[in-house]
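Trainee: Below are the chains, spelled out letter by letter.
Number of protein chains: 2
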Amino acid sequence: MQISEIDTLVHLLAKLPALGPRSARRAVLYLLKKKDSTMAPLITAMQDVYDNVQPCPVCGNMDTQVPCAICGDEKRDKTTLCVVQDVSDLWALERSNAFKGVYHVLGGVLSALDGVGPEDLKIASLIGKVQAGGIQEVLLALPATVDGQTTAHYIAESLEGLPVKISRLSHGIPVGGELDYLDDGTLQTAIKTRRSL
Amino acid sequence: MQISEIDTLVHLLAKLPALGPRSARRAVLYLLKKKDSTMAPLITAMQDVYDNVQPCPVCGNMDTQVPCAICGDEKRDKTTLCVVQDVSDLWALERSNAFKGVYHVLGGVLSALDGVGPEDLKIASLIGKVQAGGIQEVLLALPATVDGQTTAHYIAESLEGLPVKISRLSHGIPVGGELDYLDDGTLQTAIKTRRSL
Numbered sequence: 001m002q003i004s005e006i007d008t009l010v011h012l013l014a015k016l017p018a019l020g021p022r023s024a025r026r027a028v029l030y031l032l033k034k035k036d037s038t039m040a041p042l043i044t045a046m047q048d049v050y051d052n053v054q055p056c057p058v059c060g061n062m063d064t065q066v067p068c069a070i071c072g073d074e075k076r077d078k079t080t081l082c083v084v085q086d087v088s089d090l091w092a093l094e095r096s097n098a099f100k101g102v103y104h105v106l107g108g109v110l111s112a113l114d115g116v117g118p119e120d121l122k123i124a125s126l127i128g129k130v131q132a133g134g135i136q137e138v139l140l141a142l143p144a145t146v147d148g149q150t151t152a153h154y155i156a157e158s159l160e161g162l163p164v165k166i167s168r169l170s171h172g173i174p175v176g177g178e179l180d181y182l183d184d185g186t187l188q189t190a191i192k193t194r195r196s197l
Numbered sequence: 001m002q003i004s005e006i007d008t009l010v011h012l013l014a015k016l017p018a019l020g021p022r023s024a025r026r027a028v029l030y031l032l033k034k035k036d037s038t039m040a041p042l043i044t045a046m047q048d049v050y051d052n053v054q055p056c057p058v059c060g061n062m063d064t065q066v067p068c069a070i071c072g073d074e075k076r077d078k079t080t081l082c083v084v085q086d087v088s089d090l091w092a093l094e095r096s097n098a099f100k101g102v103y104h105v106l107g108g109v110l111s112a113l114d115g116v117g118p119e120d121l122k123i124a125s126l127i128g129k130v131q132a133g134g135i136q137e138v139l140l141a142l143p144a145t146v147d148g149q150t151t152a153h154y155i156a157e158s159l160e161g162l163p164v165k166i167s168r169l170s171h172g173i174p175v176g177g178e179l180d181y182l183d184d185g186t187l188q189t190a191i192k193t194r195r196s197l
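Heads up: the protein sequence lines correspond to chains E and H, in order. The numbering of the first sequence is our numbering, which starts it at 1 and goes up by one. The numbering of the second sequence is our numbering, which starts it at 1 and goes up by one.
Calculated directly from the structure, the hints in this document are not laboratory data. There could be a bad hint or two in this list.
[Claimed, not checked] Just some of the chain H residues that point at chain E, by a computed CB distance under 8 Å:
hint: 1; residue: Glu5
hint: 2; residue: Ile6
hint: 3; residue: Lys15
hint: 4; residue: Pro17
hint: 5; residue: Ser23
hint: 6; residue: Lys35
hint: 7; residue: Thr38
hint: 8; residue: Pro41
hint: 9; residue: Leu42
hint: 10; residue: Ala45
hint: 11; residue: Met46
hint: 12; residue: Gln47
hint: 13; residue: Val58
hint: 14; residue: Met62
hint: 15; residue: Val66
hint: 16; residue: Ser88
[Stated by the list, open to error] From chain E, some residues computed to sit far from chain H (all C-beta separations above 10 Å):
hint: 17; residue: Asp48
hint: 18; residue: Ser88
hint: 19; residue: Ala144
hint: 20; residue: Thr150
[Unchecked claim] In silico SDA-like pairs for lysine to any residue, Cα to Cα no more than 20 Å straight-line:
hint: 21; chain 1: E; residue 1: Lys33; chain 2: H; residue 2: Val66
hint: 22; chain 1: E; residue 1: Lys75; chain 2: E; residue 2: Lys100
hint: 23; chain 1: H; residue 1: Lys35; chain 2: E; residue 2: Asp147
hint: 24; chain 1: H; residue 1: Lys33; chain 2: E; residue 2: Pro55
hint: 25; chain 1: H; residue 1: Lys34; chain 2: E; residue 2: Asp86
hint: 26; chain 1: H; residue 1: Lys78; chain 2: H; residue 2: Gly60
These figures come from a predicted structure and were not determined experimentally. Where is the CB? At the ideal position from N, CA and C, for every residue including glycine.
Using the sequences and the accompanying hints, generate a full structural model.
Mentor: Quick look at the structure:
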């Protein structure tokens with residue numbers, strides 16, 4: 001009974017990771033109620049991003065510049081390379097403001113179950129970057145999952161023999177985290193790697 | 001550190017009812033990865049809706065036609081008028097396929113707390129429609145909340161003396177609902193209004 005224009009938009013919005021059909025319908029009604037204050041700017045912003053944002057050929061970050069703002073920044077430490085699974089992880093690390101080096105986005109992690117092999121990820125180009133020289137440390141900021149750690153081990157082995165320090169993020173209790181809610185593995189790691197005050 | 005185009009889009013998407021900043025960022029990354037299969041059609045669909053969809057001057061439904069497809073449908077029963085709080089409720093009733101009359105969207109419900117009075121809702125035009133004649137039944141499909149029921153009572157009183165039957169949706173156990181999870185009020189109503197088999 002509804003009209004195809006609205007249905008089409010609901011259907012497309014429902015594909016977004018956080019939305020389902022019901023919330024997509026609510027979103028469309030919200031947009032229809034705020035046509036000028038939200039819908040018009042949203043269309044413009046989406047068109048802007050569509051026209052201008054592309055993956056950085058150097059690191060894989062999404063940006064309007066080529067190379068991206070991070071790779072093109074003279075102040076960033078080009079000798080430290082942080083390997084991440086995805087652009088969202090890169091953005092999360094940037095928000096933390098704790099890393100001043102450059103990035104390398106793998107585009108995923110190795111997964112036997114999902115059939116993701118080394119050739120599906122940007123691992124060859126990572127090895128090439130390190131072989132080209134100038135990089136002193138590779139920080140493997142991969143997820144603390146089985147697949148993430150498998151990938152980290154695979155990369156560490158692939159880089160063996162090259163004059164580069166390999167590091168990973170430390171494991172432990174998240175800041176602000178309640179012990180009661182943590183899994184055993186995290187607690188065990190936090191105890192094993194305890195530090196003296 | 002991120003680029004303003006992406007930030008602008010994240011900020012605007014985060015305004016949608018079901019999204020926050022984190023899920024909006026995930027949505028933007030999803031769109032960037034599916035530029036041609038999802039992002040381009042989404043922009044077109046949103047522009048289509050923006051250009052063509054508007055509130056129906058008769059009932060308040062959102063549609064590309066004036067009057068809307070429901071009001072303009074010769075087969076709909078114009079003598080039964082269903083009063084709803086919002087367009088989303090109208091769509092929900094249409095999906096149920098159980099109502100063949102026409103609608104009247106109030107645009108909200110009376111609320112002393114939120115300062116919503118009768119003049120903020122489409123109540124005057126509803127009374128006008130009924131006074132104009134031709135309507136035999138007004139079905140008040142308003143939420144079973146205090147505000148919704150206050151609004152229903154207010155409308156019923158406003159229509160007193162007019163030659164029209166006033167009805168409301170029945171209360172009871174939702175189909176498929178477990179008794180254990182229902183509130184006392186619903187159970188009490190379901191017992192009081194029990195039917196013989």
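Trainee: A separate judgement is required for each hint: does it hold in the structure or not?
Mentor: A quick look at each hint next to the structure:
no. : hint                : in the structure
1   : Glu5                : holds (5 Å)
2   : Ile6                : holds (6 Å)
3   : Lys15               : holds (6 Å)
4   : Pro17               : holds (5 Å)
5   : Ser23               : holds (3 Å)
6   : Lys35               : holds (6 Å)
7   : Thr38               : holds (6 Å)
8   : Pro41               : holds (6 Å)
9   : Leu42               : holds (5 Å)
10  : Ala45               : holds (4 Å)
11  : Met46               : holds (5 Å)
12  : Gln47               : holds (6 Å)
13  : Val58               : violated (15 Å)
14  : Met62               : holds (5 Å)
15  : Val66               : violated (12 Å)
16  : Ser88               : holds (5 Å)
17  : Asp48               : violated (5 Å)
18  : Ser88               : violated (5 Å)
19  : Ala144              : holds (19 Å)
20  : Thr150              : holds (23 Å)
21  : Lys33/E to Val66/H  : holds (17 Å)
22  : Lys75/E to Lys100/E : holds (8 Å)
23  : Lys35/H to Asp147/E : violated (27 Å)
24  : Lys33/H to Pro55/E  : holds (9 Å)
25  : Lys34/H to Asp86/E  : holds (15 Å)
26  : Lys78/H to Gly60/H  : holds (15 Å)
The structure fails to meet hints 13, 15, 17, 18 and 23 from the earlier list, while all remaining hints are met.
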